[in-house]
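Undergrad: Turn these sequences into a full structure, and let the hints steer you where they fit.
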Amino acid sequence: MADPLPQAFVLTAIVITFGITVYLLGLARAEHLAGSGSRSGAGPGGPAESAEPPR
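For the sequence shown, the UniProt record's numbering gives the first residue as 1, with consecutive numbering after it.
Keep in mind the hints are simulated off the structure, nothing from the lab. Check the hints yourself; a few may be wrong.
Said to hold, decoys possible - Estimated spans, in silico, between C-beta atoms of each pair:
1. Phe9 to Pro54: 57 to 65 Å
2. Pro54 to Ala34: 26 to 34 Å
3. Arg55 to Thr17: 49 to 57 Å
4. Pro54 to Ile16: 48 to 56 Å
5. Glu52 to Thr17: 42 to 50 Å
6. Ile14 to Arg55: 54 to 62 Å
7. Ala13 to Gly35: 29 to 37 Å
8. Val15 to Pro54: 50 to 58 Å
9. Glu31 to Leu11: 49 to 57 Å
10. Gly26 to Arg55: 38 to 46 Å
What you are looking at is a predicted structure, and each value in this text was computed from that prediction instead of being measured. For each residue, glycine too, the CB sits at the ideal point set by N, CA and C.
TA: Right under this line is the structure:
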C-alpha cells in the first residue's frame, strides 16, 4: 500500500493554491469595482503627471 502522506501534501497544496487564487481574484474585482476614485492619483493623468508645465 502506498504512503498517503505525499498525497495529502499534494492535495493540501492544491487547496491552498485554489484559496489564494480566489482571494486574489476577489481583491482584483473589488479594486476594479471601486474604480479610479480609490487611487492616489500617481498614475497617468493624475496630479503627479500634468499635461501643462506649471507656471
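Undergrad: So, for every hint listed, does it hold in this structure?
TA: Results of checking the hints against the structure:
1. Taken as a hint, the range 57 to 65 Å holds for the pair phenylalanine 9 and proline 54, whose Cβ atoms sit roughly 59 Å apart.
2. Take proline 54 and alanine 34: their Cβ atoms lie about 30 Å apart, and the range 26 to 34 Å holds.
3. Restraint check, arginine 55 to threonine 17: a C-beta distance of roughly 54 Å satisfies the suggested window 49 to 57 Å.
4. Between proline 54 and isoleucine 16 the C-beta distance comes to about 50 Å, which sits within the given range of 48 to 56 Å.
5. Taking 42 to 50 Å as the suggested C-beta distance range, the pair glutamate 52 and threonine 17 conforms, at roughly 48 Å.
6. Between isoleucine 14 and arginine 55 the beta carbons are some 59 Å apart, a value that agrees with the proposed interval 54 to 62 Å.
7. As the Cβ distance of alanine 13 to glycine 35 is approximately 35 Å, the hint placing it in 29 to 37 Å holds.
8. In this structure the hint that valine 15 and proline 54 lie 50 to 58 Å apart at CB holds, the actual value being about 54 Å.
9. At roughly 31 Å, the beta-carbon separation of glutamate 31 and leucine 11 lies outside the given 49 to 57 Å, and the hint is violated.
10. At roughly 45 Å, the beta carbons of glycine 26 and arginine 55 sit within the given window of 38 to 46 Å.
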